[in-house]
Amino acid sequence: MSDLDAFRAEIRAWLEANCPAEMREPVRDEGDVCWGGRDFQFKSEAQKTWMERCAAKGYTVPDWPKPYGGAGMSPAEAKVWREECARIGARPPLSSFGIWMLGPALLKFGTEEQKVHYLNQIARGEIRWCQGYSEPGSGSDLVSLQTFGEDKGDHWVINGQKIWTSYADKADWIFCLVRTDKTNKYQGISFLLFDMTTPGVSTKPIKLISGNSPFCETFFDNVKVPKNQIVGDLNRGWDVAKYLLGHEREMISGAGGGDRLNAIGAVVARNGLEDPILRAELAQFDVDALAYACMGEKFLDEVKVGKAHPAQPNMMKYAGTELNKRRHELLMAAGGATALEWDSERTSGGTPSRSWLRTKANSIEGGSSEVMLNVISKRILDLPGA
Amino acid sequence: MPLYHTEDQAMLADTVTGFMADEGAIKQQLRHFRDMNCQDGFGHALWKQFAEMGLTGMLASEADGGLAMGHVEAGIVLREIGRNLTPSPFLTTSVMGVTALAGASDDLRGRWLPGVIAGDSVLAVAVDEGPKHRPERIACKAERAGNGFRLQGRKAFVVQGASADAIIVAARTSGSDDDADGITLFAVPKDAAGVVYENLRLVDSAMASNVTFDGVELDGDCVIGDVDGGRTLLNKVINAGRIGAAAELTGVGQGAFDITTAYLKTRKQFGQLIGEFQALQHRAAHLYSELEIAEAAVIKAQQLLDGGSERADLMVSVAKAKAAKACNLAVREGVQMHGGVGMTDEFDIGLYMKRDRSLSEFMGDQYYHAERVAQLSGY
Numbered sequence: 001m002s003d004l005d006a007f008r009a010e011i012r013a014w015l016e017a018n019c020p021a022e023m024r025e026p027v028r029d030e031g032d033v034c035w036g037g038r039d040f041q042f043k044s045e046a047q048k049t050w051m052e053r054c055a056a057k058g059y060t061v062p063d064w065p066k067p068y069g070g071a072g073m074s075p076a077e078a079k080v081w082r083e084e085c086a087r088i089g090a091r092p093p094l095s096s097f098g099i100w101m102l103g104p105a106l107l108k109f110g111t112e113e114q115k116v117h118y119l120n121q122i123a124r125g126e127i128r129w130c131q132g133y134s135e136p137g138s139g140s141d142l143v144s145l146q147t148f149g150e151d152k153g154d155h156w157v158i159n160g161q162k163i164w165t166s167y168a169d170k171a172d173w174i175f176c177l178v179r180t181d182k183t184n185k186y187q188g189i190s191f192l193l194f195d196m197t198t199p200g201v202s203t204k205p206i207k208l209i210s211g212n213s214p215f216c217e218t219f220f221d222n223v224k225v226p227k228n229q230i231v232g233d234l235n236r237g238w239d240v241a242k243y244l245l246g247h248e249r250e251m252i253s254g255a256g257g258g259d260r261l262n263a264i265g266a267v268v269a270r271n272g273l274e275d276p277i278l279r280a281e282l283a284q285f286d287v288d289a290l291a292y293a294c295m296g297e298k299f300l301d302e303v304k305v306g307k308a309h310p311a312q313p314n315m316m317k318y319a320g321t322e323l324n325k326r327r328h329e330l331l332m333a334a335g336g337a338t339a340l341e342w343d344s345e346r347t348s349g350g351t352p353s354r355s356w357l358r359t360k361a362n363s364i365e366g367g368s369s370e371v372m373l374n375v376i377s378k379r380i381l382d383l384p385g386a
Numbered sequence: 001m002p003l004y005h006t007e008d009q010a011m012l013a014d015t016v017t018g019f020m021a022d023e024g025a026i027k028q029q030l031r032h033f034r035d036m037n038c039q040d041g042f043g044h045a046l047w048k049q050f051a052e053m054g055l056t057g058m059l060a061s062e063a064d065g066g067l068a069m070g071h072v073e074a075g076i077v078l079r080e081i082g083r084n085l086t087p088s089p090f091l092t093t094s095v096m097g098v099t100a101l102a103g104a105s106d107d108l109r110g111r112w113l114p115g116v117i118a119g120d121s122v123l124a125v126a127v128d129e130g131p132k133h134r135p136e137r138i139a140c141k142a143e144r145a146g147n148g149f150r151l152q153g154r155k156a157f158v159v160q161g162a163s164a165d166a167i168i169v170a171a172r173t174s175g176s177d178d179d180a181d182g183i184t185l186f187a188v189p190k191d192a193a194g195v196v197y198e199n200l201r202l203v204d205s206a207m208a209s210n211v212t213f214d215g216v217e218l219d220g221d222c223v224i225g226d227v228d229g230g231r232t233l234l235n236k237v238i239n240a241g242r243i244g245a246a247a248e249l250t251g252v253g254q255g256a257f258d259i260t261t262a263y264l265k266t267r268k269q270f271g272q273l274i275g276e277f278q279a280l281q282h283r284a285a286h287l288y289s290e291l292e293i294a295e296a297a298v299i300k301a302q303q304l305l306d307g308g309s310e311r312a313d314l315m316v317s318v319a320k321a322k323a324a325k326a327c328n329l330a331v332r333e334g335v336q337m338h339g340g341v342g343m344t345d346e347f348d349i350g351l352y353m354k355r356d357r358s359l360s361e362f363m364g365d366q367y368y369h370a371e372r373v374a375q376l377s378g379y
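Sequence order for the protein chains is A and B.
In this text, residue positions in the first sequence follow my numbering: the first is 1, and each later residue adds one.
In this text, residue positions in the second sequence follow my numbering: the first is 1, and each later residue adds one.
Keep in mind the hints are simulated off the structure, nothing from the lab.
Watch out, some of these pointers could steer you wrong.
Covered stretches of chain B (chain A as the covering partner; in silico rule of three or more C-beta atoms under 8 Å from a C-beta of chain A) [to be verified]:
hint, segment
1, 1–10
2, 253–267
3, 272–279
4, 321–334
5, 339–345
Part of the chain B face toward chain A, derived, beta carbon under 7 Å [to be verified]:
hint, residue
6, R134
7, H282
8, A284
9, A285
10, Y288
11, S289
12, I293
13, A296
14, A297
15, V318
16, A370
17, Y379
Derived EDC-like pairs: lysine to aspartate or glutamate, alpha-carbon spacing no greater than 20 Å straight-line [claimed, not checked]:
hint, chain 1, residue 1, chain 2, residue 2
18, A, K304, A, E83
19, A, K378, B, E333
20, A, K242, A, D141
21, A, K227, A, D151
22, B, K265, A, D382
23, A, K48, A, E16
24, B, K141, B, E129
25, A, K207, A, E30
26, B, K190, B, E129
27, A, K227, A, E274
28, A, K204, A, D181
29, A, K307, B, D8
30, A, K307, B, E7
31, A, K170, A, D32
32, B, K190, B, D228
33, A, K307, B, D14
34, A, K108, A, D239
35, A, K115, A, D32
36, A, K207, A, D29
37, A, K304, B, E7
38, A, K378, B, D258
39, A, K360, A, E322
40, A, K170, A, E322
Think of the CB as a built atom: it goes at the ideal place given N, C-alpha and C, for glycine as much as any other residue.
Can you make the complete structure from the sequences, with help from the hints?
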């Protein structure tokens, strides 16, 4: 037996003994996701147990180094972990922007002290993070952001406004892009971390077409941030921001796994599928979805060994989000009038329609499809003047 | 297993990429043999070079003098064949034919494999009987007669049929046309009495034949594998052809894409490079993403086939359908972005469009395979 086979056997046995049956059921809605954080209310004892058992072994962030709360798995081992979790349908023990976005940025740009402090908090699900990037006047043109941090010696004083801050009202801390030099567009931004309970921070949920409010407006009114809460060098926050955006795009692309990679025809057909043209559309979709799932696997394999083009997350984000929108259009069509129900019990409060509407943001948030295509043109295809 | 090439596979890719770009280039091969109206549709000298490099027998076992490689490796060769539109009997002979012969007796392998591996022989595979890929329906009959069989029926779209030293024929030895069972594979020598060829030039300059078997007498040692039990082997041969064609399609798509993006960087209109126009950039970027995804699906299916996975059938159909969709987009966008010159024979982009059409049809088009994905998924 190879080392990897032995490792697989070990993981399989551990999962069998430690993953509660309830945590092997598919995630039905947002309420089933374990986000962690100071105020997080676990939906069930099983959800809490599953997160804690994984955190104790470093399995919430299996490929992070052990001193930072991970399990120190190699790329091949982490793939085995994912495969074995998928095999029994285990839910992610912990989902968070800390794991997907801030963590990778800290691993690359953080000081040793920052890594030990913040990464362990993330891995244990103690602190829930939100992202302060977009502003009302800075969407696709993110680098034009205006939120300003005034130098006050041992701290900055932040004033300004962010928008589309996902779950700002539920987050404990924020990683935030702040202008610290008004004379330099790209090299005048710093990447700061601060507590959302700091005086002067306020949030206001934005009601979306889905009827839900996953995003907020976030206001900073003379917010004091100590100087040691900067990641990377002063005025070089754009480097951190760009690196993190790659991980954000990877996250939104669905490459990491989960429902977004699944074919849907067989699921839809369980409730009857009488329309041959719809069936054909589903089959065409399934071809694209199953192929994209291969791309997700290939992308992750290549990222782990540095073979992926650095701009490849943009392609993944573009393709994955366009596919997900198509998925929900087809699910709505297949669901018929039932899928239109907005708050009925049998649709768990309008899950089909609200999810469908939510997916429309996929190709806007984290860089629109149009921006992704611009980046691919410029950085991968090297087209002129792009 | 990670979804990228191992070091050995990457070395093979390096070698083959250089070889095909030098020796298999469009001008020396495709255009040369097309313009001389070559009735084989490919060059025997190049086929001999394939043999010298060990490519002809790459899927054959070491005991048979081959390299015992898999579909990932064969796909590396086919991708470069596709990229250069290199006319070659590699897919029908070294991929499908060798896969079929792997299920044959020692005698039969000894009769055909040495010539294949030496680059002296060519094989063709005859499955379909009409204009569309329908391997589920096999009406061509082989009835027991004397010491062997008498073959009666017609096969269509037999690529390289006229050049082949032997045609591997899927025939019905029992049951009715749509039965899964009752299939037997035969290696029919080209000079057998009663084999009638209608040789056809295809849109991509390749040669294919409609072959009529008019009471062809075959002795029993022409049978490959088990009488009546040939469906499993036939499926292997067909899967090898599908994934091989898919790999070649990714090469065709990539080749078309490369010359098109190069054109976008040189052609000027309105005082600027047309590649500066966002309308074209976005379409090129979309195409890039489709080609990347198709390539990922193809390597996944190759690995599953090589590993004997039960998911291989499904993923082979996903790969063939996706590769066909992506490649088709590449050649259509390629011609459109070239503008008027894309319609001329002088420019190569049109050759890619023709090859895509032919390869997409071979062993099932995207519609056939999307249907198969639905069926294998249970709906």
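Okay, which hints does this one fail, numbers in order? 5, 6, 27, 28, 32, 35, 40
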